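Trainee: One letter stands for each residue in the lines below.
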Amino acid sequence: MAVELPAWAGLAPVLIMAATAVALFLVDSISPRSTNRALLSGTAATGALASLAAAVWFITAGVGTPGMEGGHGVIELFDGQFVVDQLALYFMIVVAVVTALVSVASYDYLQDHAYQAEYYSLVVLAATGMSTMAAANSLVTIFIALELSSLPSYALVSILKDNRGSVEAGLKYFLIGALSSAVFVYGISLVYGATGVMQLDAIAAALEESAAAGGEFAYDGLLGLGILMLLGGFAYKTASVPFHFWAPEAYEGAPAPISAFLSSASKAAGFVITFRVFTTAFPLEVTSDLVGVDWTLAFVILAIVTMTLGNFAAATQRNVKRMLAYSSIGHAGYALIGLAGLSADGGELVMGAAMMHLLVYGFMNTGAFLFVALAEYWGVGRTFEDYNGLSNQAPVACAALAIFMFSLAGIPPFGGFWSKYFLFTAALDAGLVIVAAALVVNSALSLYYYSRLVKAVWIEDPVVDRDTLAQPTGLYAAIVFAAVMTALLLPGFGPVVDAAVDAAAAVIA
Amino acid sequence: MMIEALIAVALLGALVTFVAPNRIAGKLAFAISLVPAALSLWLFSAFDGSGNALLDGELAFESQFEWIQLGDYTISWFVGLDGISLPLVVLTTILCSLAILSSWTPIDERESQFYGLVLFIEANLIGVFAALDFFAWFIFWEAVLIPMYLLIGIWGGPRRKYAAIKFFVYTNVASLLMFGAFITLVFGLGDVTSFALPEIADAMLEGGPDGLFGLSGSALASVVFVAMFLGFAVKVPVVPFHTWLPDAHVEAPTPASVLLAGVLLKMGTYALLRFNFTMFPEQVAAYAVPIAAIAVISVIYGAMLALAQTDLKRIVAYSSVSSMGYVILGLIAYTQFGVGGATFQMVSHGLISGLMFMAVGVIYNATHTRMVTDMSGLADRMPIAVGILIAGAFGYMGLPLMSGFYGEFTIFFGAFQSEQLAYAPLFTAAAMFGIVIVAGYLLFALQRTVFGPYRLETDYDLGRAPLHDVAPMFVLLGLIILLGVAPDLIFEMITDAVNPILETGGEL
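In order, the protein sequence lines correspond to chains A and B. With the numbering used here as the guide, the letters of the first sequence map in order to residues 1 to 509. With the numbering used here as the guide, the letters of the second sequence map in order to residues 1 to 508.
Isolated chain B, as found in the complex:
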């Protein structure tokens, strides 16, 4: 019942924080969020699962019992962790604690509501990664939307209403598409009477759906595959469904951006891995080229868009599009290093993008501008924040000994030798060119903001940032370097869970 405890602590904490007085809400929320963080680290140390949760693996901390019975179908409460979901749960709890800490400075109104919503998101994010019954999973998946909508809409920047609505409409429509597709699939799988994902995965790999509404089984599977891919692709997001992301990011308050980039985007790729890439090996093979093309376009186009921005936060936001493009490329490669590297990159990007958004947030708090054109020579005035910004940028560029390097390298390595993907070397080479652009815009932005003469005309005190602003960034930096130096901390458990997927797909 450890996973339930994790979720329950965050949920109850959210309630308590919501009604607590504003004065203490931030500290209270941080104290509460340490409990799930500590618990998840304990889960990490006590992890004894093996294999893939959906493919007859040994789950850790599993619990399952019947929830609702309607007609022939059973909905159950089913949670458990394997090597893919555990790192993401740990990422969630740690990032949430750090995000709460980093919001002490910028959030100065309606604190109790703010921190209550953050803890509510945390509970649901843990649920998304731990749930193994489609309904439990979908409820957590959708429940993330509402607090994020409010976080952007209430505490966001000047165009927050537009950004919040856009975020909500895009992701909700995508979820409904995906929901409808998946439910159709389950109905099409004649003899499946439960929504437990392992059972559905089994049935899909055994023979697939029988057909429904006059569609043949394979046609139904293809339709569902495409609909689900689109549903998740919006969340990731890939080009051309990425337009909600920069708006949401730029308007969102720093901690919401941290969670959005750090964890929410991973929901999309995690779901792609769990659903599309685990349950539909045939369709993955059939659609490999278009998906790889989407991935490469996301990488290049996202980077080009970032290159064209002058708003520091927008640059970081667009860089997520290209980073998540790498993840898709790794998944579609369908090799051990490809899929494993993609999963590793999810964690790594969560840490690095969280770090970058925090650094941008600290700079914005001090200077009250995010425009690259307005800033210059910040290195002298706020050495710590700038140092961290530079470190984060290097992480993005894939500097060795930082986690980004390992993630991207394994993805390229895996993608290059992919047998399933036609023209794999070509796609890989094109995606690798993205690194050059990424390095280009990051260095360009750094050069203008950090170096040169100081010429910002402002009354704000650019003194040293307070400890609670800096500490979370150092923790993240530490984790980035830790994973860069010792990737096997999580990469082993990841490959352990990834291999069964490739075996059923005939790749190992």
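Extracted from the complex, chain A is given alone in its bound form:
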């Protein structure tokens, strides 16, 4: 007999994360000076993997499929404040994957570091926030989840207390983050003022009602301003132009595993709320009727500007970590195409493609930053020249790096090629010829700086003679796993496409 799970079990991926965070806090309070790295990193990784397993199990079991009976359909909790659908589960998977990778990699990175338990509990707590963002269905829960992920992130960026760069980065990140939160909250209040409700589907209902009543809407200006401000908050969270200034600073100053965490998981979480808010709360036709503005236009501009600016800035960097940070801004631009294409038929394909890109990105970008973590662990320095000839000492890690770089650039045969190709065709399909062209031009440009790193580690001769370098288990395991996944996504892309497109279609419909 099948066991009927209670409805709140739908949030299992989030709850597991939260429980893991609490468990880590518990370890910390029992033994505050604990430096048992295996225990701490193991707990964090196990928690993340359990969360991943739960999310994968749910998504394969069909939880969140609209219209399915028997506890399998879309699960709504707390009167719809949270909703567990395929979109939520899909992004919970992305977050859990990145968290697991980062936790495993931190095992070596945090060697001889003072705040071990704090570090892991903050990571998992932030991941809890990000998973919650995936399921949040009301402006209130979204804001709470956003802060739940942001506050630990501020601390994590500046956790290297003796490192001035880290502290400065944390401060900048915090100030800009606080400002954007303020903007975001103000946006929420304006939207609430205009519609009188917080829940996303209720907002949509309110707008539709006004539209049906003859298009007279007393607060169109208020609503428009509110939407703009929400957009600003999202742009900050996803490191999109014009709220991207914090990203290179924060990613450069933060410990490299945290940079990986922020640029992959946190960005993906930012995108899931953006996707959900704009598809659920502000249905395109109604909103453009009432406010007079088609918000996909804003995303078209944002996407093009973000990817172009990110890629051009990345091409001029000398510091590897900053290069990755700017390239991560460029990739935010690619993912924004998912929202830019919603106005056309087949919008679910565009958004699905953007979701696929975020999943692939979760592996390849995390892997790339973890390689930087490895380089920091070795103490080889920060510029491209410092990386010269590393493949002599560490061929496996450098092979993985080559996979990440070529995948990020969108060269076959790696996962990044698929997701970029699907973005490209879906954008063309939606009639966004200019966006598609910008995607291709930017990808071509990005090959320049990605291949520069490959060239540095593989082809250039080392500047300084190096002895054999240590091969830290945790970092290697995480990097190799990410590389294997980036490569294996190629034969296994079918299920990813299905999951992403189904999830996108369900949200848009």
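These aren't lab readings, by the way, just hints derived from the structure by calculation. Note that this is a predicted model, so its numbers are computed, not measured. Idealized CB from N, CA, C, for every residue including glycine. Just to be clear, a hint being listed does not mean it is correct.
[Stated by the list, open to error] Each computed DMTMM-like pair below joins lysine to aspartate or glutamate, with the alpha-carbon atoms no more than 25 Å apart:
#, chain 1, residue 1, chain 2, residue 2
1, B, Lys166, A, Asp461
2, B, Lys166, A, Asp386
3, B, Lys166, A, Glu385
4, B, Lys161, A, Glu385
5, B, Lys166, A, Glu460
6, B, Lys161, A, Asp465
7, B, Lys161, A, Asp294
[To be verified] Pair by pair, the computed Cβ-Cβ distance ranges are:
#, chain 1, residue 1, chain 2, residue 2, range
8, B, Gly207, A, Trp57, 42 to 50 Å
9, B, Leu12, A, Thr35, 39 to 47 Å
10, A, Leu175, B, Phe65, 37 to 45 Å
11, B, Thr74, A, Lys161, 37 to 45 Å
For this one, chain A is given, so just place chain B on it according to the hints.
Mentor: Frame of chain A; chain B shown alone:
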């Protein structure tokens, strides 16, 4: 699932070799590469396909299943062999084994990575020739670039970084052009919802694209034809896109040169045959004269450039440009002997150029110079290597009973009687003049290096080359003579697969 097994063995072998210790990597890689070689020979003996893979032919070792579904379009895993691709797969596996054997001497650092990359290339090359879905094909096509870039960039000569980047940029830009063009074409072919090449070929021959972006159907087809031709032409390479080739060849380590000349260049002509010459018969007819002109210019100009070189490896590299020019001429002739001879010449040139690069490599290992002006009288000091160099040169010149003769003769024969190509006899005659130049520079180079008094001042021991350097060259020489004596070993299956192309083009 035999083709999958071939690819999988090479891929897994690449992984195993990559992490194996340097000491055993060469022997391990050779042992692993014997498996695909043996398997491909078995495929050759068990081949039961007929007709052309893209034109309703019976495929051998076919397997197809759905891979990814996005929107209306289906991408599938689709592989199979016909008479055109099978010889090239066999060429690939054999040449890879021999290339690995011939790198035991010159490669003395980071061996495991080197051999891992060679096996990785092998897997992808097999994939290129076997894949029949555009995506599967394109992924293999592009995946060849990265290991070759690294092979040149890490193990190459003094200007390796420049050569590697140039190679990568040229071929990658060309691939993107071709990719964009082909995808546009598929979108333009309204009712096609899959990327399976046979289906696309069918749709092209049934009526062609509907038009897209305000272009009419025929204009779209022309644009795509030209863009794809340019994309493949860089890979071939034809003049004026050939400049990456001598750089890449000269800087690449011997085994990489062997693979580059032996198989990678064939990717270009193979793709031209599969895409341009099979799917666009109308455009082929319309652009016959300019393409033939490009082919003839490549033949003559490539040979003239070779004539002007003093670096032995550069001479061999430029000679590839003219040899591949013959292949293009054969294709554009669009007759049974023209296209069939061109396909035969792909295999033949793979063997002969591989042999030449190996011989040059052995001489370089011994003398540490490649300059013709520095060498003299090598015949006395290293008789075996020199003998093979001379044999290879004769093969290039088209000595009867060697495969080069049959390939070139059938191409000229086919080109001369071409009905589609205006001034066919004129083009053929001009291309045949290329043979004279080829013979000229090869004999000139041989005369200076091989004969005359020995005057190389060097401490290197010019003794007998070790067995693992010589054996691969003898195998290649044996194959060259075998195909020269009994060309029907493969020519029959080639014409069997070529005829349907000409039938749909109205030539048979």
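Trainee: Per the hint of 39 to 47 Å, is the separation of the Cβ atoms of B/Leu12 and A/Thr35 within bounds?
Mentor: Distance hint for B/Leu12, A/Thr35 holds at roughly 40 Å.
Trainee: Regarding the pair B/Lys166 and A/Asp461, is the alpha-carbon distance no greater than 25 Å?
Mentor: holds (19 Å)
Trainee: Given the hint of 37 to 45 Å, check if B/Thr74 and A/Lys161 actually sit that far apart at their C-beta atoms.
Mentor: Roughly 55 Å apart at Cβ, these two residues miss the hinted range, so it is violated.
Trainee: Are the Cα positions of B/Lys166 and A/Glu460 separated by 25 Å at most?
Mentor: Since the Cα atoms of B/Lys166 and A/Glu460 sit roughly 16 Å apart, the hinted pair holds (cutoff 25 Å).
Trainee: Look at the Cβ atoms of A/Leu175 and B/Phe65 and judge whether their distance stays inside 37 to 45 Å.
Mentor: Violated, at about 54 Å.
Trainee: Between B/Gly207 and A/Trp57, is the Cβ distance one that fits in 42 to 50 Å?
Mentor: Holds, at about 49 Å.
Trainee: With the threshold set at 25 Å, check whether the alpha-carbon distance from B/Lys166 to A/Glu385 stays at or below it.
Mentor: OK: B/Lys166 and A/Glu385 at ~21 Å, within 25 Å.
Trainee: Holds or violated: are the alpha carbons of B/Lys166 and A/Asp386 at most 25 Å from each other?
Mentor: Between B/Lys166 and A/Asp386 the Cα gap is close to 24 Å, so the pair holds against 25 Å.
Trainee: Checking one constraint from the list: CA of B/Lys161 to CA of A/Asp465, max 25 Å. Satisfied?
Mentor: OK: B/Lys161 and A/Asp465 at ~20 Å, within 25 Å.
Trainee: Mind checking the alpha carbons of B/Lys161 and A/Glu385 for me, to see if they're no more than 25 Å apart?
Mentor: holds (15 Å)
Trainee: Regarding the pair B/Lys161 and A/Asp294, is the alpha-carbon distance no greater than 25 Å?
Mentor: violated (49 Å)
In summary, the structure is inconsistent with hints 7, 10 and 11 from the numbered list given earlier, while agreeing with the others.
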